[in-house]
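Novice: Following the hints, position chain B against chain A.
There are 2 protein chains.
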Amino acid sequence: MKNVIIIGGMAAGCKTAARLSRLCPDYQITLIEKSPFISFSSCGLPLYASGEINDLSELNKTPYGAVRDKKYFSQVKGVKVLTETEVNEINADKKELTCRSIQNGDVFKLNYDCLVIATGSETIKPGFPFPASPLVSSFHSPADVKYFRQSAQKGEIEKAVIIGGGFIGCEMLEALSSLWGIETVLIESKASLLSSVLDSEISGYVENEIPAGKIQLMLSTTVKKIEINSIGAPVVYLDNGKEIITDFVFYCLGVKPDAGLAKASGAACGMYGGILVDEQMRTSLPDVWAAGDCVEIKNLVTGRYDYFSFGSLSNRMGRVAADSIAGLSYGGNNISFNGSAGSISLKLFDNIICAAGLTEARAGRLGYETGSVIGCWYDRPDYYPEAKNIFGKLVYEKRTLKLLGLQLSGEGEVTRYADVFSELLSQNKNVEDLMNLEHGYTPAHSSPLSPLNYLGYMAVNQETDGVKNCSPAMLSSFNGSLIDVREPVEVEAATVDLPALSSGVRIIQVPLSQLRLRLNELDLNKPAMCVCERGTRAYEAARLLMNKGFKNVSYLGGGLLLCNKINKFSGFMEKSYER
Amino acid sequence: MKNVIIIGGMAAGCKTAARLSRLCPDYQITLIEKSPFISFSSCGLPLYASGEINDLSELNKTPYGAVRDKKYFSQVKGVKVLTETEVNEINADKKELTCRSIQNGDVFKLNYDCLVIATGSETIKPGFPFPASPLVSSFHSPADVKYFRQSAQKGEIEKAVIIGGGFIGCEMLEALSSLWGIETVLIESKASLLSSVLDSEISGYVENEIPAGKIQLMLSTTVKKIEINSIGAPVVYLDNGKEIITDFVFYCLGVKPDAGLAKASGAACGMYGGILVDEQMRTSLPDVWAAGDCVEIKNLVTGRYDYFSFGSLSNRMGRVAADSIAGLSYGGNNISFNGSAGSISLKLFDNIICAAGLTEARAGRLGYETGSVIGCWYDRPDYYPEAKNIFGKLVYEKRTLKLLGLQLSGEGEVTRYADVFSELLSQNKNVEDLMNLEHGYTPAHSSPLSPLNYLGYMAVNQETDGVKNCSPAMLSSFNGSLIDVREPVEVEAATVDLPALSSGVRIIQVPLSQLRLRLNELDLNKPAMCVCERGTRAYEAARLLMNKGFKNVSYLGGGLLLCNKINKFSGFMEKSYER
Chain A
13 MKNVIIIGGM
23 AAGCKTAARL
33 SRLCPDYQIT
43 LIEKSPFISF
53 SSCGLPLYAS
63 GEINDLSELN
73 KTPYGAVRDK
83 KYFSQVKGVK
93 VLTETEVNEI
103 NADKKELTCR
113 SIQNGDVFKL
123 NYDCLVIATG
133 SETIKPGFPF
143 PASPLVSSFH
153 SPADVKYFRQ
163 SAQKGEIEKA
173 VIIGGGFIGC
183 EMLEALSSLW
193 GIETVLIESK
203 ASLLSSVLDS
213 EISGYVENEI
223 PAGKIQLMLS
233 TTVKKIEINS
243 IGAPVVYLDN
253 GKEIITDFVF
263 YCLGVKPDAG
273 LAKASGAACG
283 MYGGILVDEQ
293 MRTSLPDVWA
303 AGDCVEIKNL
313 VTGRYDYFSF
323 GSLSNRMGRV
333 AADSIAGLSY
343 GGNNISFNGS
353 AGSISLKLFD
363 NIICAAGLTE
373 ARAGRLGYET
383 GSVIGCWYDR
393 PDYYPEAKNI
403 FGKLVYEKRT
413 LKLLGLQLSG
423 EGEVTRYADV
433 FSELLSQNKN
443 VEDLMNLEHG
453 YTPAHSSPLS
463 PLNYLGYMAV
473 NQETDGVKNC
483 SPAMLSSFNG
493 SLIDVREPVE
503 VEAATVDLPA
513 LSSGVRIIQV
523 PLSQLRLRLN
533 ELDLNKPAMC
543 VCERGTRAYE
553 AARLLMNKGF
563 KNVSYLGGGL
573 LLCNKINKFS
583 GFMEKSYER
Chain B
13 MKNVIIIGGM
23 AAGCKTAARL
33 SRLCPDYQIT
43 LIEKSPFISF
53 SSCGLPLYAS
63 GEINDLSELN
73 KTPYGAVRDK
83 KYFSQVKGVK
93 VLTETEVNEI
103 NADKKELTCR
113 SIQNGDVFKL
123 NYDCLVIATG
133 SETIKPGFPF
143 PASPLVSSFH
153 SPADVKYFRQ
163 SAQKGEIEKA
173 VIIGGGFIGC
183 EMLEALSSLW
193 GIETVLIESK
203 ASLLSSVLDS
213 EISGYVENEI
223 PAGKIQLMLS
233 TTVKKIEINS
243 IGAPVVYLDN
253 GKEIITDFVF
263 YCLGVKPDAG
273 LAKASGAACG
283 MYGGILVDEQ
293 MRTSLPDVWA
303 AGDCVEIKNL
313 VTGRYDYFSF
323 GSLSNRMGRV
333 AADSIAGLSY
343 GGNNISFNGS
353 AGSISLKLFD
363 NIICAAGLTE
373 ARAGRLGYET
383 GSVIGCWYDR
393 PDYYPEAKNI
403 FGKLVYEKRT
413 LKLLGLQLSG
423 EGEVTRYADV
433 FSELLSQNKN
443 VEDLMNLEHG
453 YTPAHSSPLS
463 PLNYLGYMAV
473 NQETDGVKNC
483 SPAMLSSFNG
493 SLIDVREPVE
503 VEAATVDLPA
513 LSSGVRIIQV
523 PLSQLRLRLN
533 ELDLNKPAMC
543 VCERGTRAYE
553 AARLLMNKGF
563 KNVSYLGGGL
573 LLCNKINKFS
583 GFMEKSYER
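Residue numbers (the numbering used here), protein chains in the order written: chain A, 13 to 591; chain B, 13 to 591.
One thing to keep in mind: the hints can contain errors.
Think about it this way: if two alpha-carbon atoms lie no more than 16 Å apart in a straight line, the pair counts; the simulated EDC-like pairs of lysine to aspartate or glutamate are [unchecked claim]: (1) Lys73(B) - Glu499(A); (2) Lys560(A) - Glu533(A); (3) Lys359(A) - Glu425(B); (4) Lys359(A) - Glu398(B); (5) Lys121(A) - Glu108(A); (6) Lys73(A) - Glu502(B).
Among chain B residues calculated to face chain A with C-beta under 10 Å, some are [to be verified]: (7) Leu59; (8) Gly77; (9) Tyr84; (10) Arg328; (11) Tyr342; (12) Asp394; (13) Ser459; (14) Asn465; (15) Lys560.
Since the hints were derived computationally from the structure, they do not count as laboratory data. Remember, predicted model here, so these are calculated numbers, not experimental data. From the three backbone atoms N, C-alpha and C, an ideal C-beta is built for every residue, glycine too.
If we strip away everything but chain A, and leave its shape as in the complex, we get (with noise of 0.2 Å):
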């Protein structure tokens, strides 16, 4: 018989309350959660936002319409559970809580034999002047958005501005301006949305794919204040001088941590913050526990630790920390909570991206020196009636080969290949093993070769033979023969454009059926990149190029499609742009 007490009913809490009571039927198991809500699915929340869940019970009911609170878990579970109840003090010597009841002030002590803090992440405040105002609010909690979610039920939100163009940014431009018809502007300080995950050249397509119209996308743009104004109306200064009257401001700055209790009570924590915790989710502290959202674990990619606030790895956290405290071991080896790759899906509008790893910028910021490829395909076979376009890019570690990122976006399914990426940036694989991956092949759901086949072939083609590919967004200092091996058809009809170069370019049409004739028309010692639609023209062309002896040959990674994509709006090589 222990005395467990489990502070934080959300995703990483509940379930290691609920796998301790099952392991441990014996075991007296306390849930302490401050909100009067416990197992509330905060990823759903997006949902209630948009109007597409009519109410927010649904995101505490069990799949077959119980509810998930104290007599629930109580009778189910076997777990007393304590809500609107604060823990101010853990006194880890005494093994002793200081707890507050919300409702009515009472302050009392309780002991535990093992402790769990699950207390979640809280939302990043901005750090210029905002009022405290109803308008302008955070999207964090329930109570964040069931203002908005009213006002816009009752028409009165036409103009929206939100701030910050990370996952639930861009969840919430959809929401606002296709689900309520909202005109909506999205602030981002940074060059690009989604930045945390996608390089420029894929995040470019993103934010071209985002429909005109209600929207409008201020990147590299600052805010300097918000301010009511005179008739109730939150206005947005920005530092470019600029001013955007609204009726309603969601900022969505991401989340950090919630682990202050946690630190002054003397756990070590990370540099993001987080408690740090071991492969069985213990703290620093004896018979203390930690997971989900407050706590740092092992980026499986740098080794380091980092912080990751995904709803998936709480759970899986939650498990590994009740199967810890109940000594449980499958065949001598403890239960282990690895750590993460940072797998990623996210669905914007018609596009469905997903990622896994690190972003070339991020690995160069951690000192990686990188190497990469770009890269366009069909996710089925070109001949199938509805094939879609898909685009990728995998970062690798020049050296070893080592595989460090993935990035793809298209409206065809990509979250599969991102899985099982994941998977073998876990295993520490390199660039070579992508050419022996194995997928489920059929014309409805695949190509024969995989994006990830593709990715590996490149990366390998180019660090062994040296076929380059050139990334977009080096297109522009290019200088040299741009050979284009489109068919004359293709370039009169013009479905692609040839993008703006600097001025010294000399740009060569010469289809690849007639390229193994017309050698003789380019010049063997001037660097020569080799485009075409997609992308794999151009890579046989350059190295036939190269097989004729041209040294400084490359080809358009992606092809001149991702390159329009890219540059539609003409915003690619500037910093900013609104559309």
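Specialist: This is chain B only, laid out in the frame that chain A set:
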């Protein structure tokens, strides 16, 4: 300079030729193909048959519209092509081929330095007598499909019979019934569809999901003979005495390696009749490689030679054959084709089916002592408005917990899980590794825990803690107490029903929320099986009963929902059924 000849101009042969020409531009490469076409995507034939693709030529065009013919291969790839040319003999000592032009009958000899055999597969002919008639056709070559397509288009086919319920049989079932509105009978000698990749629980679900109406499934049914009757219509005579008069018959009995030429020349072949190759695609003959559907490769689960006929593998094998001939290596290692975990995916009406590895039935035949677990999940969080059901089965080796196979089906996306699983199979992972799997989670695409996480948990719970997962296939022989832990309101609504049970079974209704209080109503010494709608509560109930001292407890995997889906047409326990 080497003189390389490739026999066979489909996926593997063309890939070898194109890649080798890029790697070794000074090699003389000749491709010999007996049909008039090369580089034809036969995986797209069902789309031509169904009418989704209008012109057969779509299947050998590049994405930019160029026809992949002789001229294309010569101009673009630098490869010489001989079509309508047969190779009648390989003299491996003299390195000499005897060839024959099909058009004019000329016989001539060709010498090679390196030879690649990529002769593909041939269709398996029925063992019963059948007439030589265009109305009784295999489904393998463009010619096979052309006659059907023309007749269907003219409205000449009202009723068709498909013999064989494998991949092609199932694809054609949908094409004929859904797209042409043809009344279709599918005859399969085995007790279930797709039995090479699905066990009876999952195929039972798949069969049930085939829409009623224009389709009749005849399982465990064998054909005696086919004849053409006096008015010119095919008649299918069954061994059970029935006759089916029809307008058209497709026999889809699978394919086997077309390796006769290789065998006659002394190349070692395996038990499936395919050419045996090593990881560089080398045959037993000096300087002779082989790739594609004509070879046997290593099954990554069993470690033994096996036969797979997948276009995806052919492409990858062709590339490795070229790399091997070119003498390429990366970091001192030969480029290798390791084998296959047998990963497949298929669309059948509204369902997606995917699998990897071995079925439990095949694993048993191969001598493995297997364990398995079956489950049912939503593809997305249950609160998600469009959440769909997924059903799945995991097969593993009982002694080592090594993963052996996965089968998933449902209306939601499942291919991503089979892809990852296939990679785990190739790494010899076990059920515990499923618990640590990461996936890109967002409510639009998945639940916080993936089916693979759940299957891993279920298997570990079963093997380590003895919480038994019972297959619906075992339900009819169960004897003991069936404890229905659903809430009374669910039982009354009867969205799912209790299945037929043996007469000795006592059914006890105790909702999970009351189970802790009503344990005294249950008999501790009788075998108990817990059931609920989807299996989750039944698992919790089983744990609870075990914790309270019950010795022989199990829960129904996949819940009553899967059970009902299989039993809906009362066909599950029977060997054969019609609908």
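Novice: The structure should be examined with respect to each hint, and the outcome stated for every one.
Specialist: Going through the hints against the structure:
1. Lys73(B) - Glu499(A): holds, 14 Å
2. Lys560(A) - Glu533(A): holds, 13 Å
3. Lys359(A) - Glu425(B): holds, 14 Å
4. Lys359(A) - Glu398(B): Distance ~14 Å between Lys359(A) and Glu398(B) Cα, so the pair holds.
5. Lys121(A) - Glu108(A): Answer holds: Lys121(A) to Glu108(A) is near 7 Å, not above 16 Å.
6. Lys73(A) - Glu502(B): Within the cut-off at roughly 15 Å; holds.
7. Leu59: holds, 7 Å
8. Gly77: holds, 8 Å
9. Tyr84: holds, 7 Å
10. Arg328: holds, 7 Å
11. Tyr342: For Tyr342(B), the interface hint holds, since the closest Cβ of chain A sits about 6 Å away, which is under 10 Å.
12. Asp394: holds, 4 Å
13. Ser459: The hint holds - Ser459(B) has a Cβ within 10 Å of chain A, the shortest such distance being about 8 Å.
14. Asn465: holds, 7 Å
15. Lys560: holds, 8 Å
When each numbered hint is compared with the structure, no violation occurs for any of them.
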